[in-house]
Structures are given as structure tokens and as C-alpha cells.
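> Going down the list, the protein sequences come from chains Z and G.
Residue numbers for the first sequence follow our numbering, so the first one is 1 and each next one is one higher.
Residue numbers for the second sequence follow our numbering, so the first one is 1 and each next one is one higher.
Hint data in this document are derived by calculation from the structure and do not stem from the laboratory.
Quick caveat, the model's predicted, so the values are computed rather than measured.
Do not take every clue at face value.
Rough simulated footprint, nothing fancy, chain Z against chain G, three-plus residues with beta-carbon under 8 Å [stated by the list, open to error]: (1) 40 to 46; (2) 146 to 158; (3) 290 to 302; (4) 307 to 321.
No residue lacks a Cβ here, since even glycine has one placed at the ideal position from N, Cα and C.
Chain by chain, the residues:
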Amino acid sequence: MGSVFSLQQIVNGLQLGAIYALIALGYTMVYGIVRLINFAHGDFFMVGAFAAYGAFYLFNFFLPPGGCMAFLVLIMAMAGAGAIAMIANKFAYRPLRYKPRLSSLVTAIGVSMLLEYLFSATPFIGPSPRGFPELLKKRMFLIGGAEISNYVMIDLLVAAVLMIGLTLLIQRTPMGKAMRAVSQDKDAAKLMGIDVEKVISFTFLIGGSFAGAAGLLAGLTYPRIQPYMGILPGLKAFIAAVLGGIGNVPGAVLGAFIMGIAETCATAYNSLLGEGIAFVILIVVLLLRPNGILGEKTADKI
Amino acid sequence: MDKFKLPRLAIAGAIFYAVVQLLILTGVLNGYFVVIINRSMIFVILAATLNLINGITGQFSLGHMGFAAVGAYVSGTITTLVFKLSPHVFGDNLIFVGAILLGACAAGVVGFLIGFPSLRLKGDYLAIVTLGFGEIIRTILNNIAYVGGPRGLLGIPKFSNFTVIFLFTFFTIVLLRNLVQSSHGRAMLSIRENELASELAGVDTTKYKVLGFVVGAFFAGIAGGLLAHLLQIAHPTQYGFYASSILLIMVYAGGMGSLTGSILAAFSLTFLTEGLRVGIDWLRDSVGIPIGTEWTMVIYALLLIFVMLFKTEGFMGMRESKILIIEEKHV
């Protein structure tokens, strides 16, 4: 331990990467379909954390803590963030669909600010950080010299299940087929009888709910939540999506894990470097390989 | 024979200066209002220069306050840490102007560096890179102990007064106006309209995109220096993403590409901020409704969304006030 590249750092990096991956998937899906960098996506993640927080104290009245309750809280976090994402799409992005792209980007910044400050202005939530409840008992395992908690396993498991579900959704269902079609050519898809707006709305729902799940996992793992918690993870997940090739689903996951490991290792080396590594990666990727690692495989784009 | 006529902009500037100065001398405007007017003018510089980058050249910068931070810290370091200047010594005021210009040059150099990615990146990618640059500048400032780190640079002498800020703002506007309405400005506008077409028409797009960033950053550096010497503190959080988004609201609400719009928006939003702050304090302390200053930002966010949804081109659109249009010489 103590070294920059120990097993412990890799495990911590994977855990962080799993959270980034869930956020990055939403970015990349929305980008693939409407070519919009949804700046508010990090705030959907925050909404998910607060929805989980609220759901926990609601369920606490009539449910014993444990796996069943944690599952329900996860559902609530996903539903809350997914609903906010759909609402944002309907009222803020949809009217600008055929205007210049930069106007929806600016609107996305507006939505992001609105969510952050609305949450910190709401009396029950407020700007100061809150402790996140311990949904499940934390246990530690010692595996190969690294301390691995059951939270690491939960984070990775939830992320894996959701990602497999997403892959099946995209590859095997009619809605997934429609999503792929819209991402390839919106107008042609419309001519083929696909309800493009419905597909976009569904994409926001899925992307938002993944961010919500990430919010719950982040609350569980780093138990402090506050209204501005989404800004940095959102930005880093976006960078992960760019690193993997934006619009590319496997790329987003790959980029997120690279990002998570790079960040934990860099932080172990020097905290300033840890803060800045994401932007260094971004600038290097954009200058050397703007399409990202998997960017050329257009067939998998959704 | 043509009679010599003063340009309209000079007249408008002189009237504004004389009226405000008169109101200050007669005591109608107290110190509080003077501070708001000074801040508004600094925001005029910031919004107008961001407009040069975003509105006129058609690039997208989200880290404009990062340039201001460079200007603020460089000039603040010179006046506070290197020379320990005092506003009451005449010679020191000259060094202060030199420090501001040096800070602006430093910001210009940073703008040059940030202009480079703009050669390869467009729209949303550029937005993220500039946002990243702004955050990197903030992180670096947070970690330099010499300039105070996270405490900020404290005890900066108060050199910025109404006259100084007015003169800098006025010259910035004159220069920007002349640039925008020159052939260089038209070249920049053509990049915004269609980069490929303008390149085919022989516009050196590389040069003009970098030029937009350098000029924008230079004047943002001036604004940062003035702000630091007005508030007497330079703090990393003043220059974060939050501050840059307020500039964005000013540019988009005012109108992309309209200097008039940026000037009006900078004044009205600075006054709106103060008005909302007073209103919220009143509701909380006198009426007893427990609300916080966050509501100001909620209103700003809604304003930005509504402007984009219902008035995408901003309140002024591309139009300029007659005052800001260079007069043709008739023979």
C-alpha cells in the first residue's frame, strides 16, 4: 500500500469508474441521439442522490432496513432522476430541437443552474452538505492485500446489471432498434414511421435514471450529498464519454473506468494532479484523437 | 466644407460621465450606488469581450472569468505584494495602470493558448475545453501560497474609482466597436456565419479565431484587474464557472453580436442582482419568510432558459444602437 499503483488504488478506481460509467452512459446516449451535450446531466445525478435520501427516510417508517429497502430506494432514485430528465427534455430542450445547436447548449447550462440553485434554495434541502444514511451494513474484506468493502461490490454489481440491461435494450428490443435508427439519421427514422420525439424522451428517461442510480451509489460510497455535488462528477463523466468516443456506448464505459483509475492513482500521487487530471486527459484526447478511443466504430453508435 | 462633429459615442460617454459625476458630487448617489455602477461598468467590459468571442466570432467560451482571474491576480500581485502601492501617491497610480496593462497582457497570452484548441474544436467541445481551462486556472490559483491560495489575495489597495473604471470601459467599448465594424470584424462575423465558406472566400480563419480570443482575454484581464482593485480582494471562487455563466446570461440576454445589448444587459443584470438581494433580505428580515440568496440564481437560471426559449436572439438581436455605429463621412 501507499504506492501509486497498488491493488487498493485500482479497486478504488474501479469503484469510482463504475459511478462515472453510469453517468457517462447518459451523456453519450443523449449525445448520440440529439447531438446535445446535456450540461444538466450531472445535476440529474444529484437529483438521484436526493431522491434516494428522501426515499430512505420515507420507507424508514414502515420497512426494516436491508436489501429489499435498498432496492426500493434504488428504484426511487432512478425514477426521480429519470422523471426530472424527461421534464427537462420536454420543457427546455424540445422547443429548441431545430434551432442552432448552441442555443440548446446554453439552455442546458440554464437547466443545470436551475436545478442546483433550486435545490439549494429549497428550505428542506438547503445548500449545506448532508450525511447520507447507511442503507446497508458496511463490511470489509481483505483480498490480496487490498481492503474491499461490500460497497465496492454493490457499486460494481449495480453498474454491471444496468449496463447489461442497457445493452439488451439497445440490441434486442424494438425501442432499442428505434434508438439506433434515430441516432443514425433522425429524418430517415421519422420517414420510417418512428416517433422520434418519443424515442428522445425515452432516451432521456433511461439516461436520467442511470445518473440517478449513480447518485445513490455515490451517496452510499462517499456519504455526503449537497446540491452542487453533480458538477464535478458530471464534468468528469462527460470527459470519460469523450475519451471513449462520444455517442459510443461501450466507449463511455471504457472511458469511465480509465478515468476512475487515472483519477485515484493521480490523487494518490498528488492531490492537485488528481483535481486536474480529468482536464489534462480531455485536452490531450481532444487534440490527439478527438473521436475518442472507440470513436471510429460507428456501427455501435446509438 | 464639412463642419467638425464630435462622434456620437464620445458625446454619449461624456454625458454619462458628467451626469454620474454630478449626481455623486451633489450627494444624490451614495457610495453604495457608486459601487454598483462601478461593478456594472466592469461587467460591461467582461460581457462585451465575451460577446466578441461567443457572439461575433461564433466560438464558445465558458471560462471567460478565467482570463479575468489572470488579470486580477497579476495586477494585484504587482500592486500589493511587489510594490505595496498606495492610491494617495500620484506616481503609484501610474504604476497601477501599468500593472493593469501587464495583467491584461498576461491574460492575452493565456487567451492565445486557449485560442489554439479552437482551431480544431467546435461548439460544444470548445465549450468544455474552455470550461476546463477556467477550472484549471482556478485550481492553480487555489494552490499558489504566494498569492494567498484558497484564502485569496487580500489587502489590495483601492485604486479603482469611478473615473478610472469609466475611462477603461469607455476605451474598451470604442476599441471593440472599431474592431467589430472594421474589415477584421466582418471577417470574424463571417466565421460565425459559416466557417467553411469564409475560409473559401479567403478569410484567414485561424488568425481571426485566435485574434478573437486574444483581444477578448486582454480586455477581460483589464476588467479583472479593475475588479480586484475595486473589491480589494481577489479570490479564486470569484472567477469560477458560476461567474462565467452570469456573463453568458448577459451576452445571450443582450443579444449575440450586439455590443449595445451587452452594455444594457450588464447594467440591468448588475442592478437586478442588487435589487433581488435587497428584496430577499427584506423578505427574510422584515417579513420573516425564510428564503436565501440562492433564489437570485434561480431567477437568473429561469431568465436564461426563457431567453433561449422565447427570445433566442436576445433582446437586441444583432442590432446596435445608433450611438455605437461608426458614422460615415459624407463628402
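> Please write out, lowest number first, the hints stated earlier that are contradicted by the structure.
1 and 2
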